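Participant: Using the hints, put the two standalone chains together into the complex.
In case you want the letters, here they are:
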Amino acid sequence: MSDLLTVKDLWIEGRSDETWNPIINGCSLTLKKGEVLGMIGESGAGKSTIGLACMGYTRDGVRISKGSVVFDGIDLVTASAAVKRNLLGKRIAYVAQSAAASFNPAHKIIDQHTEAPVQHGVSGRGESVEDGVELYRKLRLPNPEEIGFRYPHQVSGGQLQRAMTAMAMSCRPDLIIFDEPTTALDVTTQIEVLASIRQIVEEYDTAAIYITHDLAVVAQMADRIKVLLKGDEVEEADTRTMLSDPQEEYTKSLWAVRAFQRPTKPPVPQGSVPVVSVRNITAAYGTTDVLHEVSFDIHAGRTVAVVGESGSGKSTVARCITGLLPPRMGEIAFDGEVLPANYKKRSKEQLRQAQMIYQMADTALNPRRTIGQIIGRPVQFYMGLTGAKKRERVNDLLNQIELEPSQYFNRLPSELSGGQKQRIGIARALAAEPKFIICDEVTSALDQLVAEGILRLLADLQDTLGLSYMFITHDLATVKSIADEVVVMKDGKVVEQGPKTSMFTPPHHAYTDLLLSSVPEMDPDWLSDLLKERGVDNIGDAAINNM
Amino acid sequence: MSGFVWFAIVIAGLLVAAYVFRLAGQAITSNAPRFRDMTFGVAFGYVFGAALFVWAVYYYFQPKITEAGTPNAGVIFFRWAVQGFIIASIAAFLFRVLGRAVGTETTKKLFRSMPLTASFGILVIILYAITAIFAGSIAPYGESEILGAANVLAGGDVAAGGDPAYPLGTDQIGRDILSRLIYGARNTVGIAFITTCLAFFIGGSLGFLAATLQGWLDQLLSRSVDVLMAIPSLIFALLLMTIASAWAVKLGVPLTIFMVLIIAMIDSTRVYRLARAVGLNIVVMDYIEAAKLRGEGLGYLVFKEILPNAMAPLLAEFGLRFCFVFLTIAALSFLGVGIQPPLADWGTMVRDLGPFINFAAFIPTAAVTPLLAAGAIALLTVAVNFVVDWMLHKTSGLQE
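First to last, the sequence lines map onto chains U and P. At position 280 of the first sequence (counting the first as 1) the number is 280 in my numbering, and the numbers step up by one without a gap. At position 75 of the second sequence (counting the first as 1) the number is 75 in my numbering, and the numbers step up by one without a gap.
For reference, chain P alone in the conformation it holds in the complex (with noise of 0.2 Å):
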C-alpha cells in the first residue's frame, strides 16, 4: 500500500514540476515558441528525463556492498551496464572517426553520414565476424578442451574463487567459458546466417515468381504457405528435428545440416509472404509493363526490375529474420535438439548455466556466466538492427 502512495506522490510531484519547468521556461525566454507552444505532455517528458537521469546518478554511486555486509548486485549490475554502455558510445565514436579518415572515397562519404548506432552496429559486426572466422587462433583452450577446475568463477580474483587463466571462469564440467563463446560466435551466428540466406534465396525467389507469374502459381504457393505457417513454428521445427535426427544417424549426415534446412524452410514461408506482397505492388508499376512488352523472360523482370525495388523492404525484413533464426536455433539448443555438445553454441550454454543466476544476489560475478552467453546474443541481434535500420532510412531516403 505505502508503494502504491509513494508513487502517486512522485507521479504527483513531477506533474508539478512539469508545469512550473513549463511557466518558468516561457518566463526566462520571454515566451519563445519552443516554451509558448510546448503541450503539457512534452513538458512531462522533459522533467520525467532530468528525474530519471538524477535517479541513474545518485544510483550509480551506491556502495557496491551493503551495511550487512552482502553484495548489492543491483547497484554492481547497474554500473556494469552503464559502462558497458560508455565504453561501446566512445568505441562506435572512435570506430567512425577512424571509418572517416581510412578507406576510399565512398566508404569516407559512407561514414561522413552515419549516425552513432550505426556505427556501433557495424563495429560489433565486424568484431563478430573476426572472431567467428578466426576461432582458432584467437580462443585460448580448445572448444570442448575439459581443464582440471569446474564452476571457477569470473573475474579471475582467487580470493572470491576466479583464476587468472580462466577470466571468465569454468562451467560445470570443467571448460574454459571464453573460450566456448568464441566458438560458439563460428557455430551460432555462421549457421544462423547460412539459414537466413537460405530461407530468404527460397522465399524471396518463389515469392516475386508468384507475384509475376500470378495465377495458379501463386495460389498453389501461398496456400501451402498457409498451411505451412498454420502450425506454430517451434513445435513444427521440434517436430521435424526429431524426424530428422533418426535420418542423420541413418544417412550419416550431421543433424546440422538437416537443422538449417529445417529452419529455413519454415523462415522461407514469412519471406514469402513479404517478398510476394512487395513484389505484387512493383509488378503493377509501369516499367515492368514496359519490360514485358519489350518481351524480357522471366529471370530479367525477377532480379533486373524487382528485386531492385524489393531491396528494402527485404533488407529490414532481413535484420529481423536473422535474429529471429538466431533464437531459434538458441531455443532448439536450449531444448536440446539443435546444436549437438560437444560443439559450443550460445544458446546450449545459456541452459546449461543457467541456475548460476540464483547466485546472483550474494556472488554477482557467478550469476555473470549465463547472461554472456545471453549477451552475445541480444548485443548482435542489437547491433544488426541498428544497421538495417540505418540501411533503410539509407534508401528510402533516396527515394524522395
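So here's chain U without its partners, still in its complex pose (with noise of 0.2 Å):
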C-alpha cells in the first residue's frame, strides 16, 4: 500500500531576536493509510509544530525552511493557499489540546460541527447534523440526539473533547492529528476519551498522528512512536519493539522516570501531636458545603498526598488551611495550638510555619520582579535580613534548588524554564523556613524528567530540613513516589485514607479501586484488557455515575 503521508527531510526555523532559529531540524516520517503515529517528547521538542507541518501550516513567526510533506501526492508546503483549503478540514483534522480553548463559545456544537462538511460541499446540513448524531453515538456520548445542540460551556471537558474528535471525523479525513487531546483531563476521563478515539479511528481506518507526553497513553494509542528531543528526532520503532527494547540513551531515560520511589517510613510513634491537623471541616463557597467534615493529621518530617479528581476539593482543604477560605466548621491545628480561621487574623510567625507551593509557576511567580526580589523579599520580611546578609542567604537558597546563584539572581522569571520556575516556587516557600508546606500540584504541569527532578528535590529537602508536607495531586504515579500517607477525596468527602502501603494493596474502596485502575500503564494491551474487563459501557464517566 502506498503511504499516505510522507514528510522528507523537513526543517523548520522560528523567528526571535531579529534572527531564524531552527526548530526542527531534519524530520522525516511516513504514515501509511489507517495507521497510528504515536509522537511524544518534552515541551518545546516540537511535537506541536511538526503536527502542524504536517498540514502545510506554520505558526506565525514560523517558517518551513526546507523539505517536503507529501499528502497523497500533494507537497503541502508549495500547494496554493487554494488547494490547502480543500484538503484542510475535508481530508486532514485536526484535534486540539484544550476543546473549551477551541470551540467557539458563542456557537452551539452541532454548528461548529457542520461547518467544514457543509463548506466542503461533503454533505447538505441537514445529513452532517445526523451524521453528527451517529458519531456522537458512536463516541458514547450521553444524550448523543440531544449533546450537539448545547452550548460549549454546557459540557464536561471529557465530552467536549470527544465533541471535538466527532468534529475531525465529520468529513471522514484520511488524517487526524491529535494534539495532547487528554493531557487535561483527569484519568478517569481520559479512558473515555483515549477508548473513543481508538475505536473511531480504527473503524474508519483512518491515519493519525498522536502527539502526548505521556508514554503510557501513547502506549495504548498508537502503532508505531517517534522520540523526539529538541527539534531532533531521536529514534522510531513499532511501539512494541520500542517499550520493550529502547535504544537510545534518551529514550531509556524517559522510560526510567516512573522507577523512583522513596522508601517506606517508620511509623509515626505514639500519641506524637501532628504538624497539622484538619479536624471536621465543613467549608462552603456561597452557600453549597463543597466540604463535609474533612479531617486527617500530618505528621513531622511525612507527606501526605491528597487525590482526588477536579472537584472533588483536594485544592479546597488547602486553601482551608491557610486560612484562604475560612471553614464553617471545625478547626485547624497546627502543633496542637488551633489556628485562627481567617489568615487575616493569624499571627506572622503562624503565617511563616506554613508556606505553599503553586501547581502553575507562572501565575505564582510576579512576572516583573527579579529571582533575587522574589526570594529575598520572604528573607526580609520574615528574618529582617537585609543587604549583604540577604544577599547570603538568597544565595544559600538558590544553592539548595540547585541553581546557581550568580546567573540566576538578576533574571526575570519569563527566562526561565518551567521546572527552574517551580523550584524558584519552592526556594521562595524555604525563604520562610517553615515546618510545613503545601504543594498544590506542583509537578503537574510539568515534563516527566523535570517533574521528576522536582519530587527528587522536595525529598531531599524533606529528609535535610524535616519538613512537612501535603501533596496535593491527581496522579498516581507522583503519590507512589513520595507519599507517605494517602487521603483519597471524591465530592468533598475523605473516601479512604491510610499509610501508602495499604492503600496501594487491595483491597481498596470502590472508588479508590477506579482511581487506581485508570492509570494507564506501559503495557499496549492495557487499555484493551481495562476495557474487557470493566464491560464497554462502563468506563470512566459512566463508572462514576454508577457509584
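No lab work stands behind these hints, which were simulated from the structure alone. Careful, some of the hints might be misleading.
Each computed EDC-like pair below joins lysine to aspartate or glutamate, with the alpha-carbon atoms no more than 16 Å apart [to be verified]:
id, chain 1, residue 1, chain 2, residue 2
1, U, Lys32, U, Asp60
2, U, Lys84, P, Asp37
3, U, Lys344, P, Glu296
4, U, Lys230, U, Asp205
5, U, Lys33, U, Asp205
6, U, Lys421, P, Asp286
7, P, Lys394, U, Glu331
8, U, Lys344, P, Asp37
9, U, Lys493, U, Glu293
Here the structure is a predicted model, which means the values were calculated and not measured.
Facilitator: See the structure below:
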C-alpha cells in the first residue's frame, strides 16, 4: 500500500530576536492509511510544530525552510492556499489540546460540527447533523440526540474533547492530528476519551498522528512511536519494540522516570502531636458546601498526598488550611494549637510556619520582579535580613534548589524554564523556614523528567530540613513515588485514608480502585484489557455515575 | 452627477489594474507564493496605493499660482505637509543615529531596536520639553508684550505683508506669535502634564485599592465614579470652573490651580475604571495570594506586586489621557474659562486667530497663524502616542 503522508527532511525555523533559529532539524516520517503514529517528547521538542507542519501550516513567526510534506501526492509545503483550503478540514483534520479553548463559546456544538462538511460540499446541513448524532453515539457521548444542541460551556471537558473528535471526523478525513487531546483531563475521563478515539480511528480506517508527552498513553494508541528531543529525531520504532527495547540513552531515561520511589518510613510514634491537624472541616463557597467533615493529620517529616479528581475539593482543603477560606465548621490545629480561621487574624509567625507552592509557576511568580527580589522578600520580611546578609541567604537558597546564584539572581521569571520557575517557587517557600509546605499539583504542568527532578528535590529537602508536606495531586504515579500517607477525596468527602502501602494493596474502596485502575500503564494491551474487564459501557464517566 | 461617474470609472479602472497586476505578477515570478496566494483585496490595495502615490507626486508639482493669478492654496499646503513630513523623517532618522552612537550601553541598545516613529516621538517630546523649560530665554519677545504692528503675516516677506522681526507674524493686538507659541508650550503642556499625573495618582491608587480590598469600599468608590461619569465631562468641567472662578477671587488662589484639580478629578474617574479592571485581573494571581499569605501590608501589595504588572495598560492610557487633558484645557481656554489671558495658551490662540482661516484661499500665509497653534497640539499628541505605542510593544514582547 502506498504511503498516505510522507514527510521528508523537514527543517523548520522560528523567528526570535530578529533572526531565524532552527526548531526542527530534519525530521522525516511516513504514514500509511489507517496507521497511528505516536509522537512523544518534552515540551519544546517540536511535536506540535511537526503536527501542524503535516497540515502544511505553521504558526506566525515560524516557517518551513527546507523539506517536503507530501500528502497523497500533493506537496503541502509548496501547494497554493486554494489547494490547502480544499484539503484541510476535509481530508486532514486537527484535534487540539484544549477543546474548551478551541470551540467558539458563542455557537452551539452542532453548528460548529456541520461547518466543515457544508463548506466543503461533502454533505448538506441536515445530513451532517444526522451524521453528527451518529458520531456522538459512536463516541458514547450521553444523550447523543441532544448534546450537540448545547453550547460548549454546558458540557464537561471530557465530553467536549470527544465532541471535537467527532467534529474532526465529520468529513471522514484520511488523516487526523491529535495534539495532546487528553492532557488536560482527569485519569478517569482520559480513559473514556482514549477508548473512543481508538475505536473510531479503527472503525473508519483513519490514519492519525498522536502527539503526547505521556508514554503510557501513547503506548495504548499508537502502532509506531517516534521520540523527539529539542527538534531532533531520537528514534522511531514499532510500539512494542520501543517499549521493550529502547535503543537510545534519552529514550531509556524517559522510560526510567517512573521508577523513582522513596523508601517507606517507620510508623509515626504513638501519641506524637501532628504538625497539622485538620479536624472535621466543613467549608462552603456561598451557600453550597464543598467540603464535608474532612479530617486528617500530617506528622513531622511526613508527606501526605491528597488525591482526587478535579472538583473533589482537594484544593479547597488547602485554602482552609492557609486560612483563605475560613471553614464553616471544624478547626485547623498547628502543633496542637488551634489556628484562627482567617489568615488575616493569624500572626506573622503562624503565617511563616505554613508555606505554599503553586501548580502554575507562571502565575505564582510576579513576572515583573527578579528572582533575587522574589526570594529576598520573605527573607527580609520574616527574618529581617537586609543588604549583604539577605543576599547571602538568597544565594544559599538558590544553591539549595540547585540553581547557580550568580547566574539567576537578576533574571526575571520569563527568562526561566518551567522546571526552574517551579524551583524558584520552592525556594520562596523555603525562605520563610517553614515547618509545613502545601504543594498544590506542583508537578502536573511539567514534563516527566523535570517533574521527577522536582520530586527528588522535595524529597531531599524533607530529609535535610525535616519538612512536612501536604501533596495535592491527581497523578497516582506521583503519589506512589513521594507520599507516606494517602487521603483519597471525592465530592468533598474523604473516601479512604491510610499509609501508602496499604492504599496500593487491595482491597480498596470502590472509588480508589477505579482511580488506581484508570492510571495508564506502559503495557500496550492495558487499555484493551481494562475495557474488557470493565465492560464497554462501564468506563470512566459512566463508572463514576454508577457508583 | 459627473463626479460620481468619474469616481465609478476610476474605481473600475483600479479594479481592472489590480487584476492585471496580480496576473502579471504570477506570470513574471512563475507563480511564486507571494502572488499565487494573493487575494484580490490585497492586489487592489497595492494598485490603489500606487495610484495614490502617483497622484500625490503629480499634485505636488502643480504650479503654486493658478492661471487666474490667485494662489493655489491646496497645492501650497500640500507641499508644506510633504516637506514637513520629509524633514521630520530625516530628523527622526538622524536622532536615532545619534542615539545609537552616543550614550551609555543601555540607551544605545534601546535606540538600536527603536522604530523610526518612536524616535520621532521622543525627539518631539524632548524639543517640547526644552522649549517649555527655557521659554524665557528662547522667546524673542515677552509673553504678553504688545508690539507696534498688529496682524503682521507670517513668512517675514515685507512685500506680502510680513516683517522679518516677526517671522510668524503678530496677532490682532500686536503680540509676537512665535513668542506666544513658545510660552504656550510651558503653560499648556506643563499644566496638562501635571493634571494627567494627578489624575493617574488619584484614579490609579483608588482603583488598585478597590481591586485589592473589594467589598463595600469598592462599591462606594465605583458607584461614586459612576455618578461622576454620568455627567458629560465638558459641561461638568464648565460648571465647576464657573463655581471655582468665584472662589478663586474670594480665596486669592489662581484659577489655574482650580482648573488642574477639576480636570484631574474628572479624568481620574476614567483612570479609576481602568486601574480597577486591570487590578482585578492581577489580584486573582497566585503571587498575590502568596504575598497575602505572607502577611504583606496593603502598600506593598499595591505598589510592589500590582503596579508593576499594570504598567503597560496604564502607560497606554497615560498617552491617550494626556492628549485628552490637553484638548480639554485647550477647549476650556477656547471657551474662555481655562487659562486666562494674557497667559499664552494654544487653545486660546486657536480661538483668537481662528477667523484668519477664512483667508486661506487668497493669502495662504495668513491662514497659517491659527494652524500653527493647532499643529503644535496635534504634533505633541501624535508624538506621545508614538512613544506609548512603542513602549507597549516592548513591554508586551517581554511577557512572551
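Participant: Against this structure, judge whether each hint is valid.
Facilitator: Now the hints, each set against the structure:
1. Taking the CA atoms of U:Lys32 and U:Asp60, the gap is about 30 Å. The hint is violated against a cut of 16 Å.
2. For the hint linking U:Lys84 to P:Asp37, the alpha-carbon distance of about 11 Å falls within 16 Å, and the restraint holds.
3. With a CA separation close to 10 Å, the supplied pair U:Lys344 and P:Glu296 stays within the 16 Å bound.
4. Using a Cα cut-off of 16 Å, the hinted pair U:Lys230 and U:Asp205 is violated, with the two alpha carbons roughly 32 Å apart.
5. Taken as a hint, the U:Lys33 and U:Asp205 pair is honoured in the structure, with Cα atoms around 7 Å apart against an allowance of 16 Å.
6. For a cut-off of 16 Å, the pair hint linking U:Lys421 to P:Asp286 stands: about 13 Å separates their Cα positions.
7. Of the supplied pair hints, the one linking P:Lys394 and U:Glu331 is violated, its CA atoms being roughly 49 Å apart against a limit of 16 Å.
8. Taking the CA atoms of U:Lys344 and P:Asp37, the gap is about 61 Å. The hint is violated against a cut of 16 Å.
9. Using a Cα cut-off of 16 Å, the hinted pair U:Lys493 and U:Glu293 holds, with the two alpha carbons roughly 7 Å apart.
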